[in-house]
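Going down the list, the sequences are from chains A and B.
At position 17 of the first sequence (counting the first as 1) the number is 17 in the working numbering, and the numbers step up by one without a gap.
At position 245 of the second sequence (counting the first as 1) the number is 245 in the working numbering, and the numbers step up by one without a gap.
Some clues are possibly wrong.
From the derived model, a few chain A residues whose C-beta atoms are all more than 10 Å from chain B [as the list claims (entries may be wrong)]: (1) V20; (2) G24; (3) V75; (4) V170; (5) E177; (6) A209; (7) A239; (8) N261; (9) I263.
Footprint (simulated), chain A over chain B, 3 or more residues, beta carbon under 8 Å [to be verified]: (10) 250-260; (11) 301-311.
Partial chain B-side listing against chain A, Cβ under 7 Å, derived [to be verified]: (12) A295; (13) E543; (14) Y544.
For the record, the hints were derived by calculation from the structure and aren't laboratory data.
For glycine and all other residues, C-beta sits at the position ideal for the given N, C-alpha and C.
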Amino acid sequence: MAQRPAIETVGLVKRFGNVVALDGLDLVVEAGEVLGFLGPNGAGKSTTIRVLLGLLRADEGRAVLLGGDPWRDAVSLHRRLAYVPGDVELWPNLTGGEAIDLFARLRGGFDQRRRDELCERFDFDPTKKGRTYSKGNRQKVALIAALASDVELYLLDEPTAGLDPLMEAVFQDCVRELRERGASVLLSSHILSQVEVLADRISIIRRGAIVETGSLSELRHLTRTTITAELAHDPGPLAALDGVHDLERTGDVVRFEVDGNRIETVMRELAALGVRSIAAHPPTLEQLLLRHYGDEPAAATDAVS
Amino acid sequence: MTVVAAHEPLPAEVDETRDPLAGLGVLVRFMLRADRVKLPMWAGGLGVFALYVSIAVPAAYGDDVAAATQLFNGPVGRMLTGPGYGLSDPTVERLIAGGYGLYLMLVAALMSIFLVVRHTRVEEQTGRAELVRASVVGRHAGLVAALIVATITNLVAGLAVFVALVAVGGFALIGSALLASSVVGVGLAFAGIAAAAAQLSEYSRAASGLAGGVLAAAFVVRGGGDMPEEGGTLLSWFSPLGWAQQTALYVLDRWWPLVLLAVTGLVAAALGLVLSSRRDHGASFVPVRPGPPRARPSLGTPWGFSLRLQRASILAWTASLVVFGFVMGLFAEAMLDAADDLPEVIRELFGERDVVNGYLAVMATLMAVFVAIYAALAVQNLRSEETSGRGEALLATPMSRAGWLALTLGVTVVGVTIVSAVVGFASGLGAALTTGESGFVVDVTLAQLNTVPAVLVILGLAALLFGAWPRALPLTWGVVGYGFFAETFGELLDLPQLAADLNPFGHVAQIPLEPFAAVPVVVLTVLAAALGTAGVVLLGRREYAAV
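Just chain A, same shape as in the assembly (with noise of 0.2 Å):
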């Protein structure tokens, strides 16, 4: 990575009135990378990408965007870049086709046939008014009007909101072809398994300020996966080894959770107790947070968003 990175914020802290939204937050995209840039509600994944779109101005800190300032040089770099926001408004007259076409040619260059395209992979119909679509097809129009644009950073604030889980497939094959065709995602989500898919490296975001960066690898300590067993024998050796935490027992069924690098020790132990069935449930986002950082679910939405 001999490029400067597409996005890179120092120290950036955001206020409103007596709300601190952002608290130092350093953020860093490499030219290339696909980012998760994940965080509870009400963290400020929404107010640093507003910060990166020039609509608001940091307090204090520094952003560079594509090698601008996104206050000064906000419409040369909205050139280069394609943004979804994580709700969509339409317009009550245009069509959905219109407001995708509005969006494209705004932003430059346009591809009609990839937007047909789009449109029929994402199945949506354009030439319906913008008050009759629910709010996953108003996603769509967002979504097609930055995919259809050949640009060279995509700023995804939760974009996937709203959309069925065939259409979220869809937007994962699209989003793994912007990186084989070297643009640069910032993808902002609330839910870990959304983005894990997807992100060669995660943020993670909380109040305001970033807590954990690095691959999912590097993160793997972090993570916990739960896991549900119905079992022969008696499970008393798993509740001695270690990495495994918070075991429960209802009859045959154990229920616990096991650290990310302890899985493959804990499945031996499991086959030998002679496992009947099995669920294993990834780690979300919460449950980490609230293990790291001792987070109530109540104390995250104090914050702007």
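Assemble the complex: chain A is given as a structure, and chain B must be docked to it using the hints.
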């Protein structure tokens, strides 16, 4: 989104579950709470208006009421204020009721329209009503609650007016009660009309526009009816505003015309309830058609987009103002006829031709106030883009905040000019057709274009507020309203020079009564450009959607 006409009756088990008014009390309290600032402002504003005239008119004209009434007693005066009952034998209270009563009623009507639409169609359009309806709330509870709140507000406003007239003005009890009741009656009639209008379109703006159109028509019709003679003519009786004024306040003090208002309100409200039970939630009676799957090339440019957003607004304003202007122009002939009845003094002062010219000049300024509403709305819509979140996605494209505002201002300047030219032409055509003097077409078109710089000052002010302090944007409406007030009553109330100067519309030459004057045009244009430029620069510097 099509209309569902049939409702299969559900098996009746518990009566409560079928109550169409379930949750009414909670909704009324909620609406009063949500509007705890707006409603007292409206009702209090009406009271203050009545208070102001009760003090100002006697102070200014207490010793020479007859002179003051001449302004209202002529055909132009009657067109703008009402049938002028008792103005041939004027007292202060007759002057107030005859000259200002109509405007109290107009304010009450607007208050009711905005109130009812705000609590019905706006709620539905934003999706908030869906949440409410999903709880234990009857089908009609929302609409009825809005009507109840409108009734409460109108009654409070009426009481404020009554107290001002009696306690401060010291006017006759019966007449004052009747004037207050007329204001309440008009308010309630238009609350009903708004309730019906809110069912007809999916969009709140169209609903307000429709009810506002009925109000404008009511104004024009009674204007045409009242103009020819004192007491009005048969035509005056075809307007709800006419009924309210046919109470002949402080003269005959008739109660029965108010019955017509009450019936109108009740019938319209009932129509609204029937219509609302025959349509889907969130839908209208106009089926939704598919639109173009692709944008035309023009839409992809900032200019094209800005024009597209304003297109409907420009067309609607042009169409309604053309009709309004044309009808007002047609009244020119009636002016000529009525000029014979004018007091000798005035006829000598103006001459017959000048009476018509003066009338057309006043009309051009009033039209300019309406064009200014369109201009202010253009900036207001940009603010809506900002608060609704749509603007954020737009500004993530290579379009700057400042550029967007500048562009919108450009489109609006063109729009204002076109609307003014067309409206002036229509008014002039109406005047030319009835009087047979073709020169009016050119004169009135020029008169209307002459007001454009004043309209642009309003536009510039809106831009400045939007750029500097968006929350204060509603102040623009205050200035527009003040302009209307000063144009209509300024001379009569003898406003101090400074106050009169604050009215941008007051500076333009009164064409065709006066010759064209270049100085005000240049000064106002420069001022408008300065305000607009400041707005553009400041918007570029402020954060977007932060507050």
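Quick rundown of the hints versus the structure:
For V20 (chain A), the requirement that its beta carbon stay farther than 10 Å from each beta carbon of chain B is met, with the minimum near 14 Å. With a least beta-carbon separation of about 20 Å from chain B, G24 (chain A) lies farther than 10 Å from that chain, consistent with its non-interface assignment. With a closest Cβ-Cβ approach of about 5 Å to chain B, V75 (chain A) is found to fall inside the 10 Å limit, against its non-interface label. For V170 (chain A), the condition that its CB be more than 10 Å from all CB atoms of chain B holds, with the nearest at approximately 19 Å.
With a closest Cβ-Cβ approach of about 21 Å to chain B, E177 (chain A) is found to remain outside the 10 Å limit, as its non-interface label requires. Every C-beta of chain B lies more than 10 Å from that of A209 (chain A), the closest at about 20 Å, which supports listing it as non-interface. The claim that A239 (chain A) lies off the interface holds: its Cβ sits roughly 47 Å from the closest Cβ of chain B, which is beyond the 10 Å cut-off. Every Cβ of chain B is farther than 10 Å from the Cβ of N261 (chain A); the closest lies at roughly 40 Å, confirming the non-interface assignment.
Distance check on I263 (chain A): its Cβ is at least 41 Å (rounded) from any Cβ of chain B, clearing the 10 Å threshold; non-interface status holds. Figure legend: the region 250-260 of chain B, annotated as covered by chain A; annotation inconsistent (0 residues with Cβ-Cβ distances under 8 Å, at least 3 required). Proximity of the region 301-311 of chain B to chain A, defined as three or more residues with a beta carbon under 8 Å from a beta carbon of that chain, is established by the 5 residues found. Taking 7 Å as the C-beta contact cut-off toward chain A, the hint placing A295 (chain B) at the interface holds, the least distance being around 3 Å.
Because the beta carbon of E543 (chain B) sits about 5 Å from the nearest beta carbon in chain A, less than 7 Å, this interface hint is met. Interface hint status for Y544 (chain B): upheld, as the beta-carbon distance to the closest one in chain A is roughly 4 Å, under 7 Å.
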